[in-house]
Amino acid sequence: MLAKRIIPCLDVRAGKVTKGVQFLENVDVGDPVAMARYYYEQGADEIVFYDITASNERRGIMIEVVRAVARDIFIPFSVGGGLRTVDDMRAVLLAGAEKVSIDSGAVRNPRIIAEGARAFGSQCIVLSMQVKRIEPREGFPSGCEVVIDGGRTPTGRDALLWAREGERLGAGELCINSIDRDGTKLGYDLEVTRLISETVSIPVIASGGAGEPRHLYDAFTAGAADAAIVASIVHYGEHPIPDLKRYLRSRGVEVRDTVGMERSAN
Amino acid sequence: MIAIVDYKAGNLTSVARALDHLGHRCEITDRPERIRAAERVIIPGVGAAGATMENLIALELTDVLREDVARAGKPFLGICIGIQVLLDRSAEDRADCLGIIPGEVVRFPSSVDGRPLKVPQIGWNRVRQTRAHPMFEGVPDNSHFYFVNSYYPVPADPAVTIATSDYGVIFTAAIARDNVIATQFHLEKSGAAGLRMLDNFCRLKV
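If you read the sequences in order, they're chains F and B.
In terms of the working numbering, the first sequence has 23 at position 23, counting the first letter as 1, and numbering is strictly consecutive.
Just add 1000 to wherever you are in the second sequence, counting from 1, and you've got the working numbering.
These are calculated hints, taken from the structure and not from any lab test.
A few of these clues could be false.
Said to hold, decoys possible - Anything over 10 Å on all C-beta distances counts as not near chain F; from chain B, calculated: (1) T1062; (2) A1072; (3) P1116; (4) Q1129; (5) A1156; (6) P1158; (7) T1161.
Stated by the list, open to error - Simulated coverage check for chain F against chain B, where a stretch passes if three residues somewhere in it have a Cβ under 8 Å from a Cβ of chain B: (8) 1 to 11; (9) 73 to 82; (10) 94 to 104; (11) 114 to 123; (12) 194 to 207.
Said to hold, decoys possible - Beta-carbon label-pair distances, calculated as ranges: (13) B:R1031 <-> F:R90: 20 to 26 Å; (14) F:N109 <-> B:D1141: 43 to 49 Å; (15) F:E254 <-> B:T1130: 48 to 54 Å; (16) B:A1156 <-> F:I52: 50 to 56 Å; (17) F:S201 <-> B:P1134: 52 to 58 Å.
Ideal Cβ placement from N, Cα and C applies to all residues, glycine included.
Kindly produce the complete structure, drawing on both the sequences and the hints.
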């Protein structure tokens, strides 16, 4: 049986971690490499970086970050944000990322999913989608619409139908990010996560809303998720990853044991 | 020097980075003479069996790996697709493989006991050490390792299996026969436990 994965998410702008990461010990909280190292040692099962750099000319900085992270941590990590072409993906993968996460770029040009899967294998391609609850409407069986541009632009696509389309095109995993829950600490949108997870046959990652350890438990049980993205729940040091894992283990959820080993063996 | 076989696919650099981190010198190469000269050889990777074999054939490396590495007694490590090409054949692309370890490679079933199984397996699974082996020194039994695979090896001789894992079916996750070692899981992406096994390989005396 696979362990349920806990995946910290770091937003990076022009090579620096941006939002609200406060802590902790002696970690330079602005430095994505130090942060990745910290979470690696804490037992993160994977890490995701979102490049939120606005301008194109500064994107090269992210490649340098990826290269440095890859020298330092030995678990899979993915990079998303602004990837629009197979060449964009190749640059990130060659620099050492295990996976790429595509979002708006895939909505605008779905072919990029198939092209990426053909070039690098489906296991490299995470289709990430921002979803938003809508009034019941014909053609939206999930009750959620896919949105882009940070939630500002509706796409007319149903979350479930887009998930199935993404799987068909060759995505290896799906990340379901609830815009309604993002930043609320009210827990993941379990309903849409479960619906998609039970429909597709690729792993599903829950995202948006984790504020309490029980939210992760809910995502892995009622939400049927294979993995969960965490941000503020771990960034502020309130619920360190070892505590989350201890809690999940005590409730019978299979998680990876690492504590102590990453530090001592390196 | 450790040669990492460059067969024009896969994540060769991540294995090289892990070896650098551990302080072992390595070289990514597709040249037969460099592979012959190496003290140890690693065939890493992500990829499909058919394309991997085609590339090894085009690079004229199949006999080098069979004769000058495996049969010559050089420590030889296959990772992920690198375990699968060691066997006789793979159901993936119906590929004929290296035949260094008798047996074949089969696909995970799409369901087990009527419940759908997500294929590929992507994530951390426990690895049960079924035989004592120096590769496991310092690695707790039932540690988690990172897997990405739709296929798994079925060696003809069960005695070569040194570890198994359970993904609906219990399958061979690592094999060892004399100097030939291989893992279905990614040592270079499996945190400290994976690094430890890589380090053990680099120190292995056969």
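| said: Flag every earlier hint the structure violates by its number, smallest first. | reply: Violated: hints 3, 15 and 17.
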